[in-house]
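K.L.:
Chain residues, written in single-letter form:
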Amino acid sequence: MIRRVWREDFRIIGYYTGLVTIGVGLLMLIPMVTSLVFREWASALDFAISVALTLLVGYVLALISRTKNVPGLTHAMVIAAGSWLVAMVLSGVPYVLSGHVKSFLDACFDTMSGYTTTGMFLLQDLDHISQGLNMWRHLLTYVGGQGIVVLALTFLIGSTGGAFKIMVGEGKEEKLEPNVRHIAVLIWRISLIYLGVGTVVLGLIAMANGIKPYLAFFHGAYIFMSAWSTGGFAPYSQNMLYYHSSAMEIASMVFFILGSFNFALHYAVWTGNRREILRNVEIVSFTITVLTTFSLVCLALMQRGVYPNAVELFRRGFFQLISGHTTTGQSNIYARTFVREWGPLGMLATTIAMAIGASAASTGGGFKGLRMGIIVKGIATDIRKLLSPERAVVTGHYHHLHDNTLTDSVVKGAAVIVVLYVLIYVVGAVVGMVYGYPMVDAFFESVSAGSNTGLSCGVTQASMPTLLKIVYMLEMWMGRLEFLSVFTLFGFIATSFRSMRVRKAAV
Amino acid sequence: MDERSRTKRMTSLRRGLLGMLTEVAFAGGLIGVAFLISWLFFAGR
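Line by line, the protein sequences give chains H and P. When we follow the working numbering, the leftmost residue of the first sequence carries the number 82, and every step to the right adds one. When we follow the working numbering, the leftmost residue of the second sequence carries the number 5, and every step to the right adds one.
Worth flagging that the hints you see were computed from the coordinates, not collected in a lab. Every value quoted in this text rests on a predicted model; they were computed, and no experiment measured them.
Where chain P lies over chain H, by a calculated footprint (3+ residues, C-beta under 8 Å):
id, region
1, 343-352
2, 365-377
Computed footprint of chain P on chain H, listed as stretches where at least three residues anywhere in the stretch have a Cβ under 8 Å from a Cβ of chain P:
id, region
3, 327-338
4, 394-401
Not everything, but these chain P residues come out facing chain H in the computed CB check (under 7 Å):
id, residue
5, 19
6, 20
7, 23
8, 26
9, 27
10, 30
11, 31
12, 38
13, 39
14, 42
15, 43
16, 45
17, 46
Each residue gets a CB set at the ideal place from its N, CA and C atoms; glycine is no exception.
Working from the sequences, and respecting the hints, build out all of it.
P.N.:
The following block contains the structure:
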């Protein structure tokens, strides 16, 4: 039986959503300072207005719903899904004030794309936006990769009993430490250490490529944030193609491969369990699917004679494929090259790679290597059962941090989520086809949005139909939060209306 | 900071650094294998 919704439920949800919103407001101070440093006064003013508005909304929300009660599982799920929506809307304010978007919907599309680490964008004249706005775009994706709730947990919420549940609602279900705040701090520590290393490495490469030193390190930070969070944004509209640098591409590839790893795996490897990287089912599954789909890409590109030598085939083909598989979306070819040169087989292989995606509890999207590994092991166990004598007891195992027994419920849980992902991929593709896009293009773009990848074959642009923009935004949101918290939010809204009707009838 | 906690901190730092290098080596290895695949495709055409 579904329970009724009471005023206290709204208080708990409002209070914690308010705290997350305050976190978003404080985060906006970074692009504001960036604008001040670069003497972009108009942009700084845009951010000052946005900071004031976001802090006001967050503070009022937290104040009017102030409570000492701890969130339960339902609250936690609603807070996680709702916070992302509130953050999306308020983070779009600087975009609108900058005048670089055609509508508020386009601004929300870009912020949803940023937070969910997708990387699609509808921003106009990207090559001439302020450094402040560029910093904001990349910061959105960097914070989105770790999780907005994780950010708020680190600095604002603390170790309440329900905090871990909110984090689970955001798709970070690995319990690395008993204290939830320690988990959040740990995730941030790993990300910040890599941010330092990545900014220096990519900054030096940018400098070697002739970019002015003070700008080179900004570019380094932007590209690192985009790579590590498997986001896909870049400061210029040509994305990685702008740099014409294989060193930059290889360094970025290393960072987005690392960003696609489970935070629990980073923790295990960083605390001495280095063999885990070779044994973990997610990494084994990832390696096999990467090499298989890349072989398909090679086959497609060789058949069509697209690239003249092995180096070029590797540089373009593997970069695009691994960018898709890790759900990053950085690109070193033009969007229409997929359709004009790669052809259906190359696009299909990339679509499969995007659909599978990165690791669970990572910055990446897709239905994840862990689920892929579990389902394949489940099928293998079933085949072994069929081939064994009837009285034999056959159990499957998989290695994820430690040896786990493969139960039917684990396989079923993984299969349900995979089916839901496939469902959103298909819905997005069907809507695309309704608007007249070819099937291959519609599937490619829909999978790219639903798996939070961001590679585009040219469908995503400001002039595309409004409904398609909304469908892609929903795909990004659901794909990132892995459905449960979004469904709980919808269920909570429906139950709230029903509870109101019951109360009115009683009066 | 006493000797014991300093040793503990150094061990943790060393493990962290080695962990990071392991991860980078894995990513580098994967990229290397991918290069080999593209080279094999060209060699075998």
